[in-house]
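Residue numbers (my numbering), protein chains in the order written: chain A, 1 to 689; chain B, 1 to 455; chain C, 1 to 325.
Everything labelled a hint here was simulated from the structure, so no lab data went into it.
Treat the hints loosely; a few may be bogus.
[What the hints assert, rightly or not] Subject to a maximum C-alpha distance of 27 Å in a straight line, what follows is the list of computed DSSO-like cross-link-like pairs (lysine-lysine):
#, chain 1, residue 1, chain 2, residue 2
1, C, 62, A, 182
2, B, 336, A, 502
3, C, 55, A, 553
4, A, 609, B, 90
5, A, 448, B, 106
6, C, 221, B, 336
7, A, 520, C, 53
8, C, 53, A, 553
9, A, 182, C, 53
10, A, 73, C, 221
11, C, 55, A, 182
12, A, 520, C, 55
13, A, 450, B, 90
14, A, 97, C, 221
15, C, 62, A, 43
16, A, 358, A, 622
17, A, 43, C, 221
18, C, 221, A, 520
19, A, 179, C, 53
20, B, 336, A, 498
21, A, 446, B, 336
22, A, 474, B, 106
23, A, 388, A, 299
24, B, 90, A, 501
25, A, 577, A, 88
26, A, 502, A, 450
27, A, 179, C, 221
28, A, 432, B, 336
29, B, 336, A, 43
30, A, 73, A, 577
Just so it is clear, the structure is predicted and the values come from calculations on it, not from any experiment.
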Amino acid sequence: MRPVFLYPLLFLLSACSGPVNNPYPAAERGQQILYSAFSERPKHLDPARSYASNETVFLGQVYEPPLQYHYLKRPYELIPLTALAVPKPLYFDAAGKALAPDTPAAGIAESVYEIHLRPGIRYQPHAALAASRELTADDYVYQIKRLAHPALHSPIYGLMADYIVGLRDLGSELDMAAKRQKGWLDLRRFPLAGAVAVDRYTYRIRIKGKYPQFVYWLAMPFFAPVPWEIDAWYGRPGMAENNQTLDVWPVGTGPYMMTVHQPNRQIRLVRNPNFRGEPYPADGEPGDRAAGLLADAGKTMPFIDQAVYSMESETIPYWNKFLQGWYDASGISSDSFDQAVRTGTGGETELTPEMLEKGIALKTSVAATSFYTGFNMLDPVVGGLDEKHRKLRQALAIALDVEEYIAIFANGRGIPAQGPLPPGLFGYRDGKAGINPVVYDWVDGKPKRKAVAEAKRLLAEAGWPGGRDAVTGKPLVLNFDTAARGPDDKARLDWLRKQFKKLDIELVIRGTDYNRFQDKMREGTEQIFEWGWNADYPDPENFLFLLYGPNRKVGSGGENVANYVNPEFDRLFVQMKDMANGPGRQEVIDRMVTMLRADSPWLFGFHPKDYVLHHAWLQNVKPNLMANNGLKYRRIDPVARETARAAWNRPHWAGPLLAVLVLILVLVPAWRAYRRSQEATVFNEGRAR
Amino acid sequence: MMPVLLWTDGLIFLLVAGLAGFVFVVRRHEHLAAPWRRVAGDPVGMAAAVLLLCFTGIAVLDSLHFRPALPAGPGGDKLGGEIQYAPEVKSLLDRALAPLIEHQEKSYSAPFASRLFIREAITLADGRTVRDFPRLQYGGAALADPDAGRAGDILVRAAAGLAGGLAVWLLLAWALRRPLRRSAARGTILYTLLAVCLIVGALAALAPHYHVFGTDKVGQDVLYATLKSIRTGVLIGALTTLITLPLAIGLGVSAGYFGGRVDDVVQYLYTTLNAIPGVLLIAAAVLMMQTQLETHPDWFETGAERADLRLLFLCMILGMTNWTGLARLLRGETLKVRELDYVVAARAFGVSNTRILLRHILPNVQHIVLISVVMDFSGLVLAEAVLSYVGVGVDPGMMSFGNMINGARLELAREPVVWWQLVAAFAFMFVLVLSANLFADSVRDALDPRSRGRS
Amino acid sequence: MTAYLLRRLLYAVPILIGVNLLTFALFFLVNTPDDMARLHLGVKRVTPEAVVKWKAERGYDKPLLVNAGAAGLAKVSDTIFFEKSLAMFAFEFGASDDGRDIAEAIRTRMWPSLAIALPTFVIGLLVNITVALILLFFRRTYVEWTGVVALVAMMSVSGLFYIIGGQFLFAKVWQLAPISGYQDGINAARFVWLPILIGVVGGIGAGARWYRTLFLEEAGKDYVRTARAKGLTETRVLFRHILKNGMVPILTGAVAVFPLLFMGSLIMESFFGIPGLGSYTIDAINAQDFAIVRAMVFLGAVLYIAGLILTDVSYTLVDPRVRLQ
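Could you build all of it, start to finish, from the sequences and the hints given here?
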């Protein structure tokens with residue numbers, strides 16, 4: 001009731017460490033430290049296992065695969081990182097004869113990638129490594145072998161075993177070896193035909209057939225180097241019991257190394273003293289120079305000494321701390337959007353005066369992501385490729401007002417999808433040619449959603465006039481399966497039901513926990529669901545394979561969660577997969593997309609726009625959705641940050657003091673009442689005596 | 001119209017019937033009626049009881065469920081022949097609040113607002129696009145000028161509503177003059193009724209024209225959500241103890257009466273259950289229950305039945321962790337009652353155990369059961385909110401105070417703050433829990449022999 | 001006394017087995033080991049072989065309770081339940097399902113939890129007793145009446161509101177405390193004072209009211225009347241007699257919940273981002289990490305039993321009439 005006694009303590013604290021609400025140690029003030037957060041502790045930091053974007057945030061700074069994406073250029077471009085050049089595949093036929101680069105895919109039995117490393121790259125200091133141990137080709141080969149290690153469950157093992165020569169055999173061999181021998185397996189003893197070190201700085205990867213997308217994988221941590229010494233070090237008995245594993249402590253050649261890893265509190269990356277130094281890119285997109293992104297061109301990276309990531313499981317504290325200056329950059333949740341961003345009269349987004357006053361800058365980009373509402377094509381009501389079921393899905397596609405969804409739940413931060421491919425990928429078509437004619441009309445130079453009446457007409461043709469069975473009159477009830485149960489989800493689900501109501505269809509939300517939801521998806525008992533896909537690499541194959549028949553979820557456990565099987569589409573997919581970007585490929589993709597629009601296995605949702613806010617003291621920020629090693633480019637002005645923090649975090653004592661005062665005022669008459677009663681007692685007692 | 005009886009509906013009617021029966025029995029026995037007369041004479045307790053009755057009334061109204069018949073399809077009589085019913089289950093309360101359901105805006109709007117709370121691109125008559133707060137579709141729709149005439153309009157409507165409320169109150173007071181004549185708490189009861197009548201009157205006059213508590217993220221009226229949440233709260237508070245009452249009484253009384261092995265087993269049971277941290281036990285049980293519901297989709301036809309079954313299971317689970325306290329109290333009391341002279345005498349005469357339990361023990365411990373039921377009520381209503389926050393509460397699609405608070409947390413981070421959903425949930429929940437607490441105090445004071453004589 | 005304690009400790013064993021069995025049953029009705037494997041292996045591209053491998057590695061490939069295939073004692077011992085439960089009694093919690101050591105996590109997370117729970121408990125106790133005494137002190141004045149009403153009102157507010165409101169006012173609007181986070185050592189004070197304040201204020205309603213009832217009960221007893229009749233001042237009666245005797249049930253009640261403070265506060269910790277055992281538990285529930293949930297349930301049960309024994313012991317200490325046998 002009376003927290004008064006706490007105040008002296010508080011004053012004491014405020015006197016010695018700047019703002020009272022500084023969440024960081026006072027010793028860190030004024031240093032070259034970047035402050036960020038993670039919302040969920042990273043599950044895997046082993047480069048053979050990690051596949052989540054919240055993990056690559058750390059891995060990207062520590063590990064260096066042979067290739068990386070250019071930080072500034074768009075469309076995304078692969079450039080060498082530890083390699084000397086981006087490898088060009090050499091093709092061979094079944095007899096091992098070299099083939100011309102333009103040989104059709106059918107004739108190619110094997111592709112070989114030869115990667116030449118830059119000499120003189122050194123690992124971070126580590127107890128297991130000789131002082132300034134140099135990076136060698138063997139380290140890369142060792143990691144490729146680790147992908148097949150049975151204990152690691154690498155998520156790409158299944159996929160890579162289909163491509164890398166001999167990886168599957170290595171997998172079963174290691175499986176047996178692991179059963180015979182407990183403890184660490186020295187992978188150097190197991191040869192892998194598909195990955196061989198030619199000399200100290202050169203290694204070769206052999207791929208079955210033609211797989212042009214393979215080169216993108218070489219920019220992911222899966223193909224980063226792991227020296228055998230490190231693997232042996234963490235493989236010693238007793239290490240795993242003390243959380244000493246490669247899954248917890250990444251070790252690499254990158255600009256930063258991990259020094260603190262408290263999964264429930266903080267992760268700290270510190271500059272790697274052995275890092276060779278890398279020049280900041282000298283060229284970028286046209287607008288980059290004006291935006292100041294090329295001011296550091298040619299200077300040696302990294303610029304920042306440390307990066308501190310604090311555990312922040314909820315968005316609200318994160319956003320508020322960002323506004324107070326304790327975090328350097330932030331995304332925007334839909335609830336804080338109005339505070340941060342407004343749309344100008346011309347429709348362009350700009351920051352609110354409040355943000356501008358703080359010197360906060362805004363960076364936007366369209367993510368290589370597709371959100372969609374999927375139908376289970378195996379379901380008797382909504383599935384099926386015949387005309388009636390197709391029309392039912394098309395009707396729903398019109399009724400589900402994606403534009404309104406974006407307006408309410410994403411504050412306009414997204415573009416309605418016209419097909420599976422997000423902009424920025426080859427095959428995406430802009431403007432009139434790119435609209436989905438099933439759902440949209442082209443009106444006044446803009447796509448316009450068809451009227452609900454049109455949807456009702458389609459619904460009637462599908463055998464459900466007015467949302468009722470044309471024969472029995474039974475109302476149509478559809479089921480929406482979801483694992484969502486967060487605070488914001490109820491509003492979203494309510495909105496969804498409202499959309500189906502437009503067609504007099506009752507939508508039943510079947511909410512469940514995540515495991516159960518996954519079960520349903522695997523067994524194919526779901527009906528309608530939401531799903532999304534983040535691009536692994538900027539190639540249309542990475543999106544269209546989500547609808548490739550042999551890749552379906554039910555039966556083959558693939559990523560085709562809608563279980564869409566259309567033989568013609570599958571034929572075109574196989575053809576498109578191996579083609580080089582060009583008019584021919586575009587034409588095939590167009591045909592595939594048209595097919596998808598007519599069949600509507602997905603209600604195309606939207607491609608989200610990423611909005612990143614950052615304070616004025618953080619420089620060289622440009623959203624790059626493919627690159628995950630952005631930390632080395634960043635620069636910070638700690639002095640400006642210190643000034644701003646002091647100005648934005650003045651404690652307001654008036655409120656609490658007022659509360660205490662009121663409390664005292666209430667108690668004064670009480671005290672007087674007590675005095676009176678005491679006097680009365682004394683008087684009475686006196687008389688009694 | 002096809003009446004639908006959900007599980008919890010049945011139970012709440014059972015509860016109401018049971019209460020009526022109880023009142024009937026109590027009125028016929030003077031020794032039972034005496035303590036209740038003390039409750040009836042306690043002004044605070046009776047004011048709380050009036051409020052609780054109002055909440056229960058809403059809950060019961062919201063429990064009369066039905067599925068409206070669909071009009072004959074577009075093909076006329078050709079469709080099937082028999083009448084088809086809408087898949088959506090409605091309640092009488094929904095019907096009464098139909099305007100609130102229909103008046104759905106696009107997104108947030110403040111209480112009594114005539115404009116949306118967020119800016120939108122509006123295309124003007126001359127083709128220009130500006131970003132401004134658009135006019136609401138329903139809130140203040142009758143106004144010619146949404147900004148100028150609003151305060152006056154609200155006042156006029158509110159005054160009319162208050163007058164209506166006053167008239168209803170006068171009627172009520174007249175109707176109640178005889179039963180209340182001898183009550184010591186007559187004044188308080190009438191004043192509480194007056195307050196309720198005035199508030200309801202004003203709300204009834206304003207709600208069809210304004211969103212009195214504003215609208216939420218998808219434009220639903222918050223007043224409607226709050227009223228719907230009452231049923232969830234009341235049900236969790238009332239049914240939970242009711243469902244597990246047989247278990248608690250059975251085990252607690254027999255442990256105390258029979259002693260020995262039975263006592264050991266019962267004690268072991270409740271110590272074990274108590275030893276598990278409550279939230280963990282509930283979380284695990286709720287997750288399990290979800291699995292059960294998931295694997296038996298044939299148990300329910302509509303979404304409402306599904307949510308209802310979940311609510312019922314939640315009540316049971318809460319009860320499972322709750323019965324131990326009551327059982328322990330009953331065990332202790334039975335131990336005492338067992339040694340009373342006439343019970344010992346009855347045993348010596350060879351009266352059967354069942355008879356002794358029914359005739360002597362139960363009547364002597366009934367006050368503990370009653371006190372525990374009323375005391376637990378408020379705690380359970382509060383527990384629902386916490387559980388929903390942890391993610392193991394009622395169905396996310398169901399309107400409840402917990403779900404409202406959970407959703408409103410994000411709104412507090414907005415700037416400008418969206419406060420009305422949180423405040424509405426807070427206010428209604430506070431009044432419900434407060435009146436439950438006050439009533440419980442009053443009942444305990446009257447029934448518990450220990451607390452008598454204390455001031 | 002020693003014999004009594006020994007008996008109580010032995011009595012704890014069947015309870016702990018029961019607790020284990022119950023959590024085990026609840027959890028594996030929800031999650032088959034297959035579910036757990038899939039959850040931990042991630043979303044993208046998980047093969048059935050990977051699931052089988054994961055289960056074998058963590059020992060989840062055995063039968064749950066009864067191994068029909070085995071002979072003799074192995075029928076019971078070669079099961080998931082037996083293997084995972086036995087180690088608990090030696091407080092060896094093993095690794096969580098994602099491979100981190102649970103005992104280590106409990107050791108490090110215990111301190112932040114205590115940093116909040118312990119001061120909340122102690123200050124709360126003092127404040128509640130003070131408030132109860134004040135109300136008793138001002139008996140039959142308007143202070144008592146308004147105070148009691150205020151207590152009932154405070155008790156009728158959901159704990160969530162205290163936390164949401166407190167965080168909003170003190171951390172966001174007045175900027176007097178960091179919004180969330182935690183640091184070790186003396187720096188912790190900056191982070192924990194607000195949760196403590198909220199915890200104390202939120203607990204006043206129920207706590208002070210309860211203590212007031214205890215004091216009132218004491219005040220109604222004969223010896224108090226005698227003391228007054230002797231002509232002692234009201235203050236003296238209050239402090240020397242009522243408080244002193246009323247403290248017996250208060251302190252023994254406090255002893256019972258004391259060990260449970262180690263478990264931390266679920267909601268408070270997750271709101272303020274305190275890396276304690278409470279948030280650990282919530283995360284484990286959400287991630288369905290059975291190993292952690294089981295360990296925390298076991299720990300909770302042990303602490304609960306410890307509380308029961310401590311209560312008995314403290315009774316003998318404060319009340320010489322009670323003998324333990």
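These are the hints, each one checked on the structure:
no., hint, in the structure
1, C:62 to A:182, "holds (20 Å)"
2, B:336 to A:502, "violated (66 Å)"
3, C:55 to A:553, "holds (22 Å)"
4, A:609 to B:90, "violated (40 Å)"
5, A:448 to B:106, "holds (19 Å)"
6, C:221 to B:336, "holds (21 Å)"
7, A:520 to C:53, "holds (22 Å)"
8, C:53 to A:553, "holds (20 Å)"
9, A:182 to C:53, "holds (15 Å)"
10, A:73 to C:221, "violated (86 Å)"
11, C:55 to A:182, "holds (17 Å)"
12, A:520 to C:55, "holds (21 Å)"
13, A:450 to B:90, "violated (32 Å)"
14, A:97 to C:221, "violated (106 Å)"
15, C:62 to A:43, "holds (25 Å)"
16, A:358 to A:622, "holds (19 Å)"
17, A:43 to C:221, "violated (61 Å)"
18, C:221 to A:520, "violated (65 Å)"
19, A:179 to C:53, "holds (11 Å)"
20, B:336 to A:498, "violated (60 Å)"
21, A:446 to B:336, "violated (83 Å)"
22, A:474 to B:106, "violated (30 Å)"
23, A:388 to A:299, "violated (63 Å)"
24, B:90 to A:501, "holds (15 Å)"
25, A:577 to A:88, "holds (18 Å)"
26, A:502 to A:450, "holds (13 Å)"
27, A:179 to C:221, "violated (75 Å)"
28, A:432 to B:336, "violated (87 Å)"
29, B:336 to A:43, "violated (57 Å)"
30, A:73 to A:577, "holds (25 Å)"
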